[in-house]
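Student: As a plain string of letters, each chain reads:
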Amino acid sequence: MGDPISIAGGIVNLGKTAWDIVKDGKATSGAQTSFCSAVPANIPFNELSGWKNQSKEWEWNISGGFGNDLVEATLKYNFQYAGITDKVKNAVFVTNFSVWCVKIEVAFLAGANINATVKGDPYNAGSKDKPIAAIPLLVTAAFNGSNALSRTWLLTAHGDGSLSVG
Amino acid sequence: MAADPLLDALGKFKKDLPDELKKGKTVASISGLEKSINDQDDKYKDQLDKLLKGIAADKKAVGKDKDALQQLEALEKLASKDSDVRLKGEDKSTSPA
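Chains Y and W, in that order, are what the protein sequence lines are. Positions 1 to 166 (the working numbering) are the ones given, in order, by the first sequence. Positions 1001 to 1097 (the working numbering) are the ones given, in order, by the second sequence.
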């Protein structure tokens, strides 16, 4: 008997590989419906069940030289985890992993852009016997004030519901 | 929020305005810049440019009037550096973890 993930055809991303979250200081409307996933290749999605939801907000804030706020953005991630199938024993998958901007204020023509890019392929972060599908998403926020600042967060969503930040 | 040196200087300039500058281009540009700074709007750089051009014009107009020239040069020094300081960002983000 082969390993469960190989039987399932490996773990694949059936969503997007990149999307804009904020463009020219404005939240992109399509970001909330853009997502990536880490699901089994050979198993129809409707055969996966047991999904649970995980989400959290965080802030991207850039403060100016006089304590003035140049960029105030609230970002949010959401993903569904714990997707299971009888065909891949003990494996948990992740889908609908999305990052979007809840609100943003940009002052003084400072300029702000944020995008999300899937970094590499989805993978098994667990073991051969207990696979945990995972997908890494790189979120990059760029600020163009007097000094160009950029900030990146590498968010990896896991099938067991955990999110690691690099 | 920390004190705003340019807003303070603009207020002081208006208050201590010498007669020869009362109808100058500098004072005419101040209210627009103050509004832009307070509102944090996208006209800030245009308003700042307008102030600096006004100061340059008034410097020529006042000629050798030492007091007026000193006030204009003090404001010019502060205003010319303002956007560099004001728009110099510091990252104060939280973590998604």
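Bear in mind the hints are in silico, worked out from the structure with no lab data behind them. Some clues are possibly wrong.
[Stated by the list, open to error] Within a straight-line C-alpha distance of at most 27 Å, the following computed BS3-like cross-link-like pairs (lysine-lysine) qualify:
#1 Lys-1088/W x Lys-76/Y
#2 Lys-26/Y x Lys-1045/W
#3 Lys-1088/W x Lys-103/Y
Here the structure is a predicted model, which is why all the values come from computation and not from measurement.
Student: Determine for every hint whether it applies to the structure shown.
Tutor: Going down the list of hints, with the structure as the test:
Distance hint between Lys-1088/W and Lys-76/Y is fulfilled; the C-alpha atoms sit about 26 Å from each other, no more than 27 Å. Restraint check: the Cα-Cα separation between Lys-26/Y and Lys-1045/W comes to about 20 Å, which is no more than 27 Å; the hinted pair holds. Simply put, Lys-1088/W and Lys-103/Y have alpha-carbon atoms about 22 Å apart, close enough for the 27 Å limit, and the pair holds.
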